[in-house]
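Chemist: The residues making up each chain are set out below.
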Amino acid sequence: MGAAPDPRLAVLLESSDPIAREEAWAGLIREYSPLLLHAARSLGGDRDAVMDRYTFILESLRSDDFRRLRAYTVDRRTKLSTWLIVVSTRLCLDEYRRRYGRSRPGKAEPEDAGLRQQRKALVDLAGAEIDPTDLPDTRFGDPDRQLREHELAGALQQVLATLEPRDRLLLRLRFEDGLSVPRIAEVMGFPSPFHAYRRLTQLFGELRPGLRARGVEDSVV
Amino acid sequence: MAPHLTIQKLDMPDSSTPSVHPTDEAVAAYLEAVLSPAERTQVDAHFGDCEYCRSRLILASQALETAPAPRRSRRIFPVAAGLLAAAGLAGVLLLSRTSVQPQSSSPQIRAAEETSLPPLRTLGPLRGTAVDPGNLRFMWASISPDVLYQVTLSAADGRVLWTERTSDTVITPPATALRRLQAGQPYFWRVDALLANLQSVTSGDQRFEVAPP
Chain A
1 MGAAPDPRLA
11 VLLESSDPIA
21 REEAWAGLIR
31 EYSPLLLHAA
41 RSLGGDRDAV
51 MDRYTFILES
61 LRSDDFRRLR
71 AYTVDRRTKL
81 STWLIVVSTR
91 LCLDEYRRRY
101 GRSRPGKAEP
111 EDAGLRQQRK
121 ALVDLAGAEI
131 DPTDLPDTRF
141 GDPDRQLREH
151 ELAGALQQVL
161 ATLEPRDRLL
171 LRLRFEDGLS
181 VPRIAEVMGF
191 PSPFHAYRRL
201 TQLFGELRPG
211 LRARGVEDSV
221 V
Chain B
1 MAPHLTIQKL
11 DMPDSSTPSV
21 HPTDEAVAAY
31 LEAVLSPAER
41 TQVDAHFGDC
51 EYCRSRLILA
61 SQALETAPAP
71 RRSRRIFPVA
81 AGLLAAAGLA
91 GVLLLSRTSV
101 QPQSSSPQIR
111 AAEETSLPPL
121 RTLGPLRGTA
131 VDPGNLRFMW
141 ASISPDVLYQ
151 VTLSAADGRV
161 LWTERTSDTV
171 ITPPATALRR
181 LQAGQPYFWR
191 VDALLANLQS
201 VTSGDQRFEV
211 APP
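If you read the sequences in order, they're chains A and B.
One point on numbering: in my numbering, the residue at position 62 of the first sequence is 62, and numbering is uninterrupted.
One point on numbering: in my numbering, the residue at position 134 of the second sequence is 134, and numbering is uninterrupted.
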């Protein structure tokens, strides 16, 4: 069982005829360029930025004698189109993070970026040191809210450690990444958003006593 | 049973947590729900602890949900491909000066993306020809007025040697790029463009060789 192999991949990766290999590559690009372009657009930006990413994706797929495509052909349980989307978005994400740091594009509000990093540092058990000069300027912020954020993060970390992996991921996506429940249902493969809502409700019913003991009242920060 | 599916060390930039992450194959299998229960539990556990991989998962999932269908064309096998290459048929990617509307893909945009476009005809160097680097010029037929094209010159291993954007339909690589070309070696060039309505076309890689002195 598995995705039907694209014959052009075999030609591209195994043929000794360089012209045949180039034709196979050209054919794959013609068919999948809308997909790759779509992945390049997924991180936003103007047309130049999108084209830069698109070019970067093509170069990366081709580099090192198509090393990434060879890795795909070892395990063909998925469609080539799905794999191309996964690889392309990761390549774009890596490039974005090299340029702009570890925040996800379009996710963090600029005014919360510093606080979010500090909260992440607090809950990250790797014990990263916090440079006091990097602390957010509290002259214009809400110290109580910031303290609450820190307390919430700590409580959540303790509770998460007791959960099954799938439940932990569900809560991370909801609390750390701020995804809507319908979006979470898509990402995690729930049969419907209703199933995700139901599991989230069940989780809070199971965890509420422990969360309340740590000052967490509900799922909204 | 799938080999090396789940955790593998990847060369990742400053990931927040462990240096081992699910492979791209594993993430694709996760999104298509074809992992075994044990594999899925392992990957779920990693996602739960790794912000970087959750970012990967979220971006890929969002892109998959709105992705256009691949442009279905006749499967071109080497013999037929040679004939088509001689006719100069290829997909084309057009650039426009106006900025794209990012991220969300409306049905109108997807319909535009799936509409077939007139092919961009490359005029030279012709595929497979040997070229004197002193006379090297890239030429193609115009698609439309007021369009920007991006031309890329690459080595056989995929390294980009030079790239430039132009509104013209002919361009000469600079001396700095020409000096990197070696006689007898194959190189590839392509011209790409993106329309304002987000239709995309590419000429595909066109192979040529540098003629011996």
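Calculated directly from the structure, the hints in this document are not laboratory data.
Note that the coordinates shown come from a computational prediction; the quantities given were computed from them, not determined experimentally.
Glycine residues also receive a C-beta, built at the ideal position from the N, C-alpha and C atoms.
Treat the hints with care, since some could be wrong.
[Unchecked claim] Okay, derived cross-link-like pairs now, SDA-like style, lysine to any residue, Cα gap no bigger than 20 angstroms in a straight line:
1. A:K79 x A:L69
2. A:K79 x B:A211
3. A:K79 x B:E32
4. A:K79 x B:R180
5. A:K79 x A:L9
6. A:K79 x A:P5
[Unchecked claim] Just so you have them, the derived chain B footprint on chain A, three or more residues with Cβ under 8 angstroms:
7. 51-57
8. 71-79
9. 82-95
10. 148-158
11. 203-213
Chemist: Are the hints correct? Go through all of them and say.
Modeler: Hint check results:
1. A:K79 x A:L69: Within the cut-off at roughly 12 angstroms; holds.
2. A:K79 x B:A211: Measuring from Cα to Cα gives roughly 41 angstroms; hence the hint is violated.
3. A:K79 x B:E32: OK: K79 (chain A) and E32 (chain B) at ~9 angstroms, within 20 angstroms.
4. A:K79 x B:R180: violated, 38 angstroms
5. A:K79 x A:L9: holds, 13 angstroms
6. A:K79 x A:P5: holds, 9 angstroms
7. 51-57: holds (count 3)
8. 71-79: Our answer is that it holds, as 7 residues pass the Cβ test (under 8 angstroms) against chain B, meeting three.
9. 82-95: Holds, because 11 residues of the stretch 82-95 of chain A bring their Cβ atoms closer than 8 angstroms to Cβ atoms of chain B.
10. 148-158: Violated, because only 0 residues of the stretch 148-158 of chain A bring their Cβ atoms closer than 8 angstroms to Cβ atoms of chain B.
11. 203-213: violated (count 0)
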